[in-house]
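Please assemble the complex out of the two chains, which come individually in their own frames, going by the hints.
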Amino acid sequence: MAWFKKARRPIAAPEQASRVPEGLWVKCPSCNKAIYNKDLLASLSVCPRCAHHFRLSAADRLRMLLDGGWTEHDAGLRSTDPLTFTDTKAYRDRLSKAIAATGLNDAIIVGSGTIEGLPAVVAAMEYSFIGGSMGVVVGEKITRAAERACAERAALIVVSCSGGARMMEGTLSLMQMAKISAALGRLDRAGLPYLSILTDPTTGGVAASFAMLGDLNIAEPKALIGFAGPRVIEQTIRQKLPEGFQRSEFLLEKGFIDLIVDRRELKATVARSLRLLGVGPRSTTPPATAVPTGDESDA
Amino acid sequence: MAELLDFEEPIAVLQKEIEALRLMPSTPERLAAIQQLEDRATSLRVEIYATLKPWQRVQVARHPNRPCMLDYVERLFQEFTEVHGDRRFADDTAIVAGFGLYHGQPAAVVGHQKGRDTKQKIYRNFGYARPEGYRKAMRVMKLAEKFREPVIVFIDTPAAYPGIESEERGVAEAIAVNLREMALLDTPIVVVVCGEGGSGGALGLAVGDRVLMQEFGIYSVIPPEGCAAILWRDAQRKVEAAEALKITAPDLLALGLIDEVVKEPPGGAHLDYDRAAALVDEAVGRHLAELQAMTSEARLDARYDKFRDMGHAGQSFVDEGAPAGSRAPGQAG
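Read top to bottom, the protein sequences are chains A and B.
Quick note on our numbering: the first sequence kicks off at 1 and runs consecutively.
Quick note on our numbering: the second sequence kicks off at 300 and runs consecutively.
The following block holds chain B by itself, in its conformation from the complex (with noise of 0.2 Å):
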């Protein structure tokens, strides 16, 4: 069974409770009860993910059976082949990258991969990504660009890694280099956010024609416990600031900083894979098609006012006149 997150108890309750009417010796009438407890705990499970609140959607996304992008890259490629290295330094494991058929046509696939047993996370950093990781997906993505393969991405990590060979190898320019070129690679590009979307560490991989989200993702500018150690100055008031950030994506999507939200199964996506798989495949795909009936002028154009359009006039920010009182203007002391 699945590890079971804190706001999950009711459920836990029936569990322990068909664990024990199974120990028992099996009739028809128990086989009854055990069924009923089941369904109980699958409409309790949809209740419950129905209403969740923002910091349990952070635990959601963070829900260490949650699927990682290989287990969506196994699902949705035929023959995947990772490929390695930025060509400069060395290859980073915290981001993966490579080719694959999807749905029988050749396309890039890049993105964070954090893993599952302890082995893997500490293999991948704990999808922590140093500056060879955004460099080398950006040679991937060079690659599908010049032989016309559309891009995938799947977003899943905390943060870009903030340690001394981070900084001292250019993390920074690392990302804003991703920023400036994926906007204006001539090649169509999805980005899936499945997991975290940890700020620049997450946005270094994400700039596309579609930003889509998982239902129970998050895309944050700072994680909820680092807001809350900074604004609150206490880190334990990171439920509070989960709610204030907006980072779930129904808000996200309300703001206008991604295209779709796409659907997880009951409960979760960590609790049925390939139904999870399934609803990003036809998700990814119906906005493939729709990027590849586009011009690549109209698509790179698109690409530009959708970013260009966040955080608009009227949302985000009035158009006042100069302050009363300022300086006159072009005044040189």
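The following block holds chain A by itself, in its conformation from the complex (with noise of 0.2 Å):
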């Protein structure tokens, strides 16, 4: 009876596995299947089973939300480390790593265009950079993006997805969400509309100033949204925290965030709603009072 006799042969997986190409399949860390990489991407990368949203590069943000051929703006800013910080690591090495690895010079992409044929600046922040915590740079290009948003007469748009302020540039990382917020009050008062679309994660000093500050604030589902980080409340409380806490759908609840949106309808419902904040193809509303002057553009 040798029925229950194992043949014992060694573990040999790793030639097998590596025929198959290194990023050919991604498995859903919610539903657990595994997805052709092709078939992900071709869905915003948005599990097609269980709709779990994978988080999204800034720069894929921009593509899937913009029109063809948008502008890129303040591409070259770079912090040049003002506090000189060291903690078990220079800053300024973490700076040149996280450089090299995204190919961008800081957390956040801006790009100008348009959405469905009305007249954007889109900010995006990127996660795999520092985090997407926000520093001078991050904090000098939403600024900026909200002045040039006003100066065009165009919407603004800003996609978070960050931690929080960047610890390693101490206060001036602080004093960007006074920075930003001022320049979205500009851009309130001179009647233009602001979108703020809140991703996985949208936390700290991100969610204390211009991701709460949107006309509308739409969220992906199930994003993690807050002031506070969940292990910091549940060191304060000294209690677990219920299940779905700070998620998009406990927000909307309580009243803070306008809609949870679908990222495969995100681009239609953002186009939507500007159209119903009564933003016009540019060509349709000849803007009387911002004439361009001659405006310093870069890309």
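A hint or two may mislead.
[Unchecked claim] Subject to a maximum C-alpha distance of 25 Å in a straight line, what follows is the list of computed DMTMM-like cross-link-like pairs (lysine to aspartate or glutamate):
id, chain 1, residue 1, chain 2, residue 2
1, B, LYS562, B, ASP338
2, A, LYS89, A, GLU72
3, B, LYS445, B, GLU381
4, B, LYS537, A, GLU243
5, A, LYS97, A, GLU72
6, A, LYS89, B, GLU524
7, A, LYS89, B, ASP533
8, A, LYS240, B, GLU467
9, A, LYS97, A, ASP87
10, A, LYS97, B, GLU619
11, A, LYS222, A, GLU265
12, A, LYS97, B, ASP533
13, A, LYS27, A, ASP262
14, A, LYS89, B, ASP571
15, A, LYS222, B, GLU467
16, A, LYS97, B, GLU539
17, A, LYS254, B, GLU464
18, B, LYS352, A, GLU249
19, A, LYS97, B, ASP618
20, A, LYS254, B, ASP390
21, B, LYS537, A, ASP81
22, A, LYS240, B, ASP338
23, B, LYS441, A, ASP215
24, B, LYS445, A, ASP188
25, B, LYS352, B, ASP571
26, B, LYS420, A, GLU234
27, A, LYS97, A, ASP60
28, A, LYS222, A, GLU243
29, B, LYS352, B, GLU381
30, A, LYS222, A, ASP39
31, A, LYS222, B, ASP390
32, A, LYS254, B, GLU467
33, A, LYS27, A, ASP60
34, A, LYS222, A, ASP188
35, A, LYS240, B, GLU444
36, B, LYS441, A, ASP188
37, A, LYS240, B, ASP533
38, B, LYS537, A, GLU234
39, B, LYS315, B, ASP305
40, A, LYS89, B, GLU539
These are computed hints drawn from the structure, not numbers from a lab.
Structure, rendered in structure tokens:
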């Protein structure tokens, strides 16, 4: 009876596994289904089975929202490490590493163009650049984006994806919250629309400034959104947090989010919102007050 | 006698000697000796406080006897009348808001109140403000704008309260709205960071035409302990974190994030409330007079430019042009 006798063979997986090129299949962390990478990209990195939203890069974000033919702004802005900050590692080295890994100079890309033909300036945060943290460059670029939207009479859209202010730039990072909010105040008073798109995660100083100031705050499903991080809260109150706490659905229920939108519907929703907030294609709304005065244009 | 911090040990030794001498029968020689020791203690204190390290400044900023917002209000304002509630949910006792006469002129006052004894601390939630506090402060500031009164703000908080109810009631939104609206508020705003400027919880009240900071105050994006826990993975490295974060008044002045450092009495504000308040009064009065001489438009533009300039080209970032190998812009995928 050899029924229970195991024929012991050494495990020899590597050679076989390597026949499948890296990254051809992706496992969904939510439903564990293996997804063909091309299918995932085709569905804007949303799991076709369970609608889990994978994190999107800033570049993909702009590609997804803007019509073809947009212009990038302020790509060359780079932090000088103003505090010469060093913890277990020099901030300068962390920066160089992030720059090399992402091909970006900091945790954000700003571009202007159109969304279904409507003029818009879009800023998207890059989580893989030091956790999408906001330092002076992120602060400056969003501020410039708001000022640009004002000058060009365009809508502003900021896609947040960030753990908050960047510690390595200290109080300078903190002050970016005030700087951006002041620029958003001017945009608001100029009567221009600002849509805040909150994605996983949007916390700390980013939540407590521009992410919460949208004329409409639009979140992706199940994104972590909040001021204090869940661990900090757990330490304060010394108990476990309820399931779903600080997720998009929780914020919608509490009244801080206007809409939760599946990424595959996001562009259409943004365009529709802009139209409903009175934005028209540029040709039909000649700006009477804001004649371009040779505004220094870059890119 | 005031509580002494660890680095004040040499002063404590002298004080013990003085006390011992006082217990003995008084003679002219002994009195002279006591006087001499007291003089030495004073000069020692001046010496120690002249060279405080960042972490030591954190300790002074959090000193249990450090004057609180209401200690200053009592000394700087007449007829102070506190008002309560955000008209939405509740009254937050960690933030005090009201009106009083500042040198005879009606003014709005808002600020964090930490509380001193245990009972007060609990009542004030240790200065950890909830969303209602920020909304109450904004309500009072809007009234100040309506009645053309200046706003004077005192900042002293470890942080906004990190609890479930804070999140449920949108502390992030409450702070964010204050940042935007304070930038636009059409009345002079003078902010004094008088103790701990704890990240967003502080900034949510601290957008003003002038931001003054007491000599031993601190103002930080994160508490040194929190920073150490995250970046060093060890909260005990708080001393190094305090150095690295550049959170002291002289550091922030050099970075252009505050407008003036307000001197404190020798040995810190906690040793002489009246003197500390007089020094704050002098600075606030001077800045307020300057602001009130400006037109609304000039003042609001200057306020915008001041924050606009925080973290500017050359100081904090450079423009290198597009990074090498970057994508050609405008290619939709």
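Do the hints match the structure? See the list:
{"no.": "1", "hint": "LYS562/B <-> ASP338/B", "verdict": "21 Å, holds"}
{"no.": "2", "hint": "LYS89/A <-> GLU72/A", "verdict": "32 Å, violated"}
{"no.": "3", "hint": "LYS445/B <-> GLU381/B", "verdict": "18 Å, holds"}
{"no.": "4", "hint": "LYS537/B <-> GLU243/A", "verdict": "33 Å, violated"}
{"no.": "5", "hint": "LYS97/A <-> GLU72/A", "verdict": "22 Å, holds"}
{"no.": "6", "hint": "LYS89/A <-> GLU524/B", "verdict": "18 Å, holds"}
{"no.": "7", "hint": "LYS89/A <-> ASP533/B", "verdict": "14 Å, holds"}
{"no.": "8", "hint": "LYS240/A <-> GLU467/B", "verdict": "16 Å, holds"}
{"no.": "9", "hint": "LYS97/A <-> ASP87/A", "verdict": "15 Å, holds"}
{"no.": "10", "hint": "LYS97/A <-> GLU619/B", "verdict": "17 Å, holds"}
{"no.": "11", "hint": "LYS222/A <-> GLU265/A", "verdict": "15 Å, holds"}
{"no.": "12", "hint": "LYS97/A <-> ASP533/B", "verdict": "23 Å, holds"}
{"no.": "13", "hint": "LYS27/A <-> ASP262/A", "verdict": "20 Å, holds"}
{"no.": "14", "hint": "LYS89/A <-> ASP571/B", "verdict": "42 Å, violated"}
{"no.": "15", "hint": "LYS222/A <-> GLU467/B", "verdict": "16 Å, holds"}
{"no.": "16", "hint": "LYS97/A <-> GLU539/B", "verdict": "23 Å, holds"}
{"no.": "17", "hint": "LYS254/A <-> GLU464/B", "verdict": "11 Å, holds"}
{"no.": "18", "hint": "LYS352/B <-> GLU249/A", "verdict": "46 Å, violated"}
{"no.": "19", "hint": "LYS97/A <-> ASP618/B", "verdict": "19 Å, holds"}
{"no.": "20", "hint": "LYS254/A <-> ASP390/B", "verdict": "19 Å, holds"}
{"no.": "21", "hint": "LYS537/B <-> ASP81/A", "verdict": "21 Å, holds"}
{"no.": "22", "hint": "LYS240/A <-> ASP338/B", "verdict": "55 Å, violated"}
{"no.": "23", "hint": "LYS441/B <-> ASP215/A", "verdict": "21 Å, holds"}
{"no.": "24", "hint": "LYS445/B <-> ASP188/A", "verdict": "20 Å, holds"}
{"no.": "25", "hint": "LYS352/B <-> ASP571/B", "verdict": "22 Å, holds"}
{"no.": "26", "hint": "LYS420/B <-> GLU234/A", "verdict": "21 Å, holds"}
{"no.": "27", "hint": "LYS97/A <-> ASP60/A", "verdict": "21 Å, holds"}
{"no.": "28", "hint": "LYS222/A <-> GLU243/A", "verdict": "11 Å, holds"}
{"no.": "29", "hint": "LYS352/B <-> GLU381/B", "verdict": "37 Å, violated"}
{"no.": "30", "hint": "LYS222/A <-> ASP39/A", "verdict": "22 Å, holds"}
{"no.": "31", "hint": "LYS222/A <-> ASP390/B", "verdict": "32 Å, violated"}
{"no.": "32", "hint": "LYS254/A <-> GLU467/B", "verdict": "6 Å, holds"}
{"no.": "33", "hint": "LYS27/A <-> ASP60/A", "verdict": "20 Å, holds"}
{"no.": "34", "hint": "LYS222/A <-> ASP188/A", "verdict": "28 Å, violated"}
{"no.": "35", "hint": "LYS240/A <-> GLU444/B", "verdict": "43 Å, violated"}
{"no.": "36", "hint": "LYS441/B <-> ASP188/A", "verdict": "17 Å, holds"}
{"no.": "37", "hint": "LYS240/A <-> ASP533/B", "verdict": "23 Å, holds"}
{"no.": "38", "hint": "LYS537/B <-> GLU234/A", "verdict": "21 Å, holds"}
{"no.": "39", "hint": "LYS315/B <-> ASP305/B", "verdict": "15 Å, holds"}
{"no.": "40", "hint": "LYS89/A <-> GLU539/B", "verdict": "13 Å, holds"}
Violated hints, in rising order: 2, 4, 14, 18, 22, 29, 31, 34 and 35; the structure is consistent with all others.
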